[in-house]
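Chains as they are written, first to last, in our numbering: chain S, 1 to 346; chain G, 1 to 261.
FYI, nobody ran anything at the bench for these hints, they're computed from the structure. Wrong hints could be hidden among the right ones.
Claimed, not checked - Straight-line C-alpha distance at most 27 Å; calculated DSSO-like pairs for lysine-lysine:
{"no.": "1", "chain 1": "S", "residue 1": "K144", "chain 2": "S", "residue 2": "K49"}
{"no.": "2", "chain 1": "G", "residue 1": "K197", "chain 2": "S", "residue 2": "K212"}
{"no.": "3", "chain 1": "S", "residue 1": "K242", "chain 2": "G", "residue 2": "K32"}
{"no.": "4", "chain 1": "S", "residue 1": "K242", "chain 2": "G", "residue 2": "K14"}
{"no.": "5", "chain 1": "G", "residue 1": "K14", "chain 2": "G", "residue 2": "K202"}
{"no.": "6", "chain 1": "G", "residue 1": "K112", "chain 2": "S", "residue 2": "K212"}
{"no.": "7", "chain 1": "G", "residue 1": "K127", "chain 2": "G", "residue 2": "K115"}
{"no.": "8", "chain 1": "G", "residue 1": "K127", "chain 2": "G", "residue 2": "K32"}
{"no.": "9", "chain 1": "S", "residue 1": "K212", "chain 2": "G", "residue 2": "K173"}
{"no.": "10", "chain 1": "S", "residue 1": "K212", "chain 2": "G", "residue 2": "K115"}
{"no.": "11", "chain 1": "S", "residue 1": "K238", "chain 2": "G", "residue 2": "K197"}
As the list claims (entries may be wrong) - To be clear about the criterion: a stretch of chain G counts as covered by chain S if any three or more of its residues have a C-beta under 8 Å from a C-beta of chain S, and this derived list gives those stretches:
{"no.": "12", "segment": "31–39"}
{"no.": "13", "segment": "77–83"}
{"no.": "14", "segment": "95–105"}
What the hints assert, rightly or not - Just some of the chain G residues that point at chain S, by a computed CB distance under 10 Å:
{"no.": "15", "residue": "T89"}
{"no.": "16", "residue": "Y91"}
{"no.": "17", "residue": "E111"}
{"no.": "18", "residue": "T113"}
{"no.": "19", "residue": "K115"}
{"no.": "20", "residue": "V151"}
{"no.": "21", "residue": "L154"}
Glycine residues also receive a C-beta, built at the ideal position from the N, C-alpha and C atoms.
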Amino acid sequence: MANSKQATSAQTTSVAVADRLKGMLSNQSTILVGVMVLLVAVFGSIEPKFLSAATMNNVLTDWGSVVLLAVGQTLVVISGGIDLSVGAVVGLSGVISAWTMVNVLHLDSTATGSKATGGLLVGLLVSVAVGVSVGLLNAVLINKLKIVPFIATLSTMGAALGFSVIISSGMPIQGPANYELISAMDAKTNPFSWAILGSALVITIVGLFLHKSRFGLYTYAIGSNTFAARAAGISVEKHLTKVYALSGGLAGLAGMYVYLRLGAGSPSSGTGRELDAIAAVVIGGASLMGGIGRLWGTVLGALILFTVQSGLIMIGVAPDWKKVVVAILIAAAVAAQGLQKSNRRS
Amino acid sequence: MAGAEKREVIYEVKNVSKRYGSVVALDGASLKLHAGEVIGLVGDNGAGKSTLVKVLSGAHEPDGGQIFLDGEERSWSSPREALDAGIETLYQDSGLAPHLTVSQNVFLGREKTVKGLLGKLGFLARKEMEHDAHADLERVGIAVPAANRPVAQLSGGQRQAVAIGRAVSWARKVIILDEPTNHLGARQAGEVLEVIKAAKKKGLGVIFISHTLPHVLEVTDRIVVLRLGRIVKDAPTSTFTGDTLVGTITGTIQTIKVEGD
């Protein structure tokens, strides 16, 4: 604090330098990277096998399915909302996509070669379309019927879960399993499978739009002060529609990601994933009050979640402890946010 | 104020009325604003100031009467329409988006994008906007520490200055300031008054609504007094003293209704 006081009395340049230093120290991503390094060091010293490419691939593969949800969730949370439907959308989009491949394209798990590849591409489109549709439905409920996001997405979550059980009769639908594509999760390009690289590409694009473009600016503005955003001429409803559609679309993409791992569309494949996504967003430093958050933070937050999960299993801790540790992480992240805020005010 | 009368009338309302149920909030109010003129709009609580502001800014449609901008009859169905026509309004606590930077707030809704394809995709020219925001604010007499600072880190006075600076730098014809010096310290209020003078110099018509009568007497060319939904006095500021202004507002001084000239 004393440092910053001296800086304010000095020239603007030194203020900027001090700001930058202070910014780095209080920066959520610096803390997150520190936590990551600490976790890896602790797990690695207890169980050296933890520091292997195979572990890294496991962590990243799990990360890939949730980080897509978390990325969409980050935008929704920054806009001041929440999207509880994304986990259910993973199941629904996987089920509808598998159902389409089996019943419309007449491909089953024995399909191979280019036929299966084509089918899976159709499946991908269907999956994303299902996600976008649920996102648009969320937007209608929020914008037109003026239902708060928590309740609006809670009801679409229930409906999506219900429909996926109805369509699949509660059983996973086995679809085409072209090994070439199903093996996308295999670490051929060790330790990065192309599915993970694909997720990374999607994240990068969304990140650029969130932090560098008008789309992102409006998302922050709406979450920060909806009244001011509207007074500035921003069409708040139109923008929120895009945000929820994107969140749904990314959940649809995650649905296909999970399908590729299972070779089947399972109605329960995304159950509870929305909470992992929200946890990643919160650990990453976004505020549920809106207006605050960085995509990079969410990406690290999700990585920490799965590092903890894999690490605990590898050092032989019962998996049930994972939930307790994640709970502690969330509480710590939110507490750290609060402390940072009060520091800044004083 | 000399010469203001000779300038063209930029914004005018004739005989506007507004009722809320059985309550007459505004009863046949007429007002002329000239380019480069500052009008003070004063009156007790419930005199009809806010209603008149809402009519002028497009937030409410009047039940009767006419609105003219540059001599052309207009009607606003939303604040956005008035905004697009060059009328900026600074509401009492509309505020800014606290998590956005100064320049992001100044340019919100009117961002500059980079050239080429990325610009078409909405990618923003951040440096350019920071530079321009700084220059725009400086031009209207506001010294803001850094355009890349989040507004949440500014003091209340600085925030208000940014909000006013934003309105002044974007306004093309009229700027309506609803209690802009409220909750401000003496020095900060002084800065706000300087900004109003700068807006006047720029040739804008300014409508200044305030309870702080010394500020009104200092910065305005003309004072319009509202009482019970009617305009009871519309005269050059030089004809008022602090005491006669208070008397006119409270009604202890008898006023002759000013007929539209």
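Fill in: Satisfaction of the Y91 of chain G interface hint, Cβ to chain S closer than 10 Å
7 Å, holds
Discussion item. So if I understand the rule, the pair passes when the alpha-carbon distance is 27 Å or less; does K212 of chain S with K115 of chain G pass?
Written reply: 14 Å, holds
Fill in: Holds or violated: K242 of chain S to K14 of chain G, with C-alpha atoms at most 27 Å apart
Outside the cut-off at roughly 43 Å; violated.
Fill in: V151 of chain G as chain S interface residue, shortest Cβ-Cβ below 10 Å
Result: holds, 9 Å to nearest chain S Cβ.
Discussion item. What's the verdict on K127 of chain G and K115 of chain G, does the C-alpha distance respect the 27 Å limit or exceed it?
Written reply: With Cα atoms ~13 Å apart, K127 of chain G and K115 of chain G stay inside 27 Å; holds.
Fill in: Given pair status - K173 of chain G, K212 of chain S, alpha carbons within 27 Å
32 Å, violated
Discussion item. For a C-alpha distance cap of 27 Å, please report whether K144 of chain S and K49 of chain S respect it.
Written reply: Outside the cut-off at roughly 54 Å; violated.
Discussion item. Taking beta carbons only, do three or more residues of the segment 77–83 of chain G come closer than 8 Å to chain S?
Written reply: As far as the segment 77–83 of chain G goes, the hint holds, because 3 residues have Cβ atoms under 8 Å from chain S.
Discussion item. Closer than 8 Å Cβ to Cβ for three or more residues is the test here. Does the segment 95–105 of chain G pass it with chain S?
Written reply: holds (count 8)
Worksheet item: Holds or violated: is the Cβ of L154 of chain G closer than 10 Å to a Cβ in chain S?
Response: At 12 Å from the nearest chain S Cβ, L154 of chain G fails the 10 Å test, so the hint is violated.
Worksheet item: Between K14 of chain G and K202 of chain G, is the straight-line Cα distance small enough, at 27 Å or below?
Response: 26 Å, holds
Fill in: Hinted contact K115 of chain G with chain S - closest CB pair below 10 Å
14 Å, violated
Checked against the numbered hints listed earlier, the structure breaks hints 1, 2, 3, 4, 8, 9, 11, 12, 19, 21; every other hint is satisfied.
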